[in-house]
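There are 2 protein chains.
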Amino acid sequence: MTAASAARVDRAELLVDLEREVGVMVRRLRRVLGERARAVHPDLQTSTYLLLTWVDKHGPVRASAVAESLGIDKGAISRQVQHLLELGLLDRTPDPDDGRATLLSANDEAKARLVEVSHASRLWLDGKLGDLPDAEVADFVRLLGRYNAALDA
Amino acid sequence: MTAASAARVDRAELLVDLEREVGVMVRRLRRVLGERARAVHPDLQTSTYLLLTWVDKHGPVRASAVAESLGIDKGAISRQVQHLLELGLLDRTPDPDDGRATLLSANDEAKARLVEVSHASRLWLDGKLGDLPDAEVADFVRLLGRYNAALDA
DNA sequence: GAATATAGTTGCCAACTGCAACCTTCTAGT
DNA sequence: ACTAGAAGGTTGCAGTTGGCAACTATATTC
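Line by line, the protein sequences give chains A and B. Numbering follows the numbering used here, with no gaps: position 68 of the first sequence is 71. Numbering follows the numbering used here, with no gaps: position 24 of the second sequence is 27.
Where hints are given, some of them may not hold.
Remember, identical chains collapse to one label, so a pair may be satisfied in a single copy or spanning two.
Unchecked claim - Restricting the straight-line Cα-Cα distance to at most 20 Å, the calculated cross-link-like pairs of lysine to aspartate or glutamate (EDC-like) are:
1. Lys77 / Glu89
2. Lys114 / Asp134
3. Lys77 / Asp13
4. Lys131 / Glu24
5. Lys131 / Asp142
6. Lys114 / Asp142
7. Lys131 / Asp46
8. Lys77 / Asp134
9. Lys60 / Asp134
Since the hints were derived computationally from the structure, they do not count as laboratory data. All values derive from a computational prediction rather than experimental measurement.
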């Protein structure tokens, strides 16, 4: 086996390991994200919470843009938006540029609760990752973004 | 604001970013992992595929150990094991040390298909992450494992 | 040997999302 | 201006998934 082919094998194994770790992550996250969601609001579902954090970060956005970014069906977004409206955590205004569309944004109540919960979750996660330097966490976030971009297409 | 408190703020923001990227990952992965699952077997569901990859890696394991490792209910594991047995992708033998337990392992058919699919998915993902050096991918896998360990407790 | 704990199965139910049909509004081509 | 088709969003339907609890069978503990 040449050095080049050995390197290819190693990279293939790396990618298999990557997928398996990611699979574990998906399943363990269900529980953790559910706890976060309930901390923001007792009746807030996990997926709806993820939608809210996305909208909070990306300012006023169309529902269809969110659906495309997150890679899920627009019907699912529509229901979750209704859920957030019922809970009073979302602002929805008509898009001035397009009569069909509406713009979604997290309202003040939602922003306040998210800040509160992020503080608590930071304490929790920091307790688990406390020995991981900031630089490594930053690397992790960067690589996650890179991986997410790869998943997008 | 002191330098120390500024560093804390930065780390808090890092962890918020981390959670949001992870949330995006969860949603995008649903589709990608589903495609992988169907590549292994047309009737293989996404979650069952993740179970199979775990069992393949961790050799003969008890169902209860899998449930604990992956952080999901043992009832869910039970159904997915039945599904894998019906598809002929799993070996199940009584645990010689415990009459209540059974040991699960991926059979030869499953291993062969997983290798085949991992080769194809390696080509796909490599096309997306091709410019990411092996060292960075290895770092990513390591940090994922670290994060998963944090989620475990 | 009785009480308790653990491995696994099953029924029930809530959450999530893909698909498709539908309505409304916008855009393009004529 | 008119029409055809595209795009934003809502809703009904169905399939997947996992939590919870009750149950059987086997192990362990006292």
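Each hint tested on the structure:
Only within a single protomer do Lys77 and Glu89 lie at most 20 Å apart by alpha-carbon distance; the minimum there is 18 Å, versus 34 Å between protomers. Taking CA atoms no more than 20 Å apart as the test, Lys114 paired with Asp134 passes in neither setting, with 29 Å inside one copy and 37 Å between copies. When the C-alpha separation of Lys77 and Asp13 is checked against a cutoff of 20 Å, the pair qualifies neither within a copy, at 39 Å, nor between copies, at 34 Å. In this assembly of identical chains, Lys131 and Glu24 lie within 20 Å of each other by CA distance both inside one copy and across copies; the values are 18 Å within and 18 Å between.
Taking the closest pair of Cα atoms, Lys131 and Asp142 come within 20 Å of each other both inside a single copy (17 Å) and across two copies (18 Å). Taking the shortest Cα distances, Lys114 and Asp142 never come within 20 Å of each other, neither inside one copy (26 Å) nor across copies (33 Å). With identical chains, the CA atoms of Lys131 and Asp46 are never at most 20 Å apart, being 27 Å at best within one copy and 38 Å at best between copies. In the homo-oligomer, the alpha carbons of Lys77 and Asp134 never lie at most 20 Å apart, since the shortest distance is 40 Å inside one protomer and 32 Å across protomers.
In this assembly of identical chains, Lys60 and Asp134 lie within 20 Å of each other by CA distance neither inside one copy nor across copies; the values are 27 Å within and 28 Å between.
Checked against the numbered hints given earlier, the structure breaks hints 2, 3, 6, 7, 8, 9 and satisfies all the rest.
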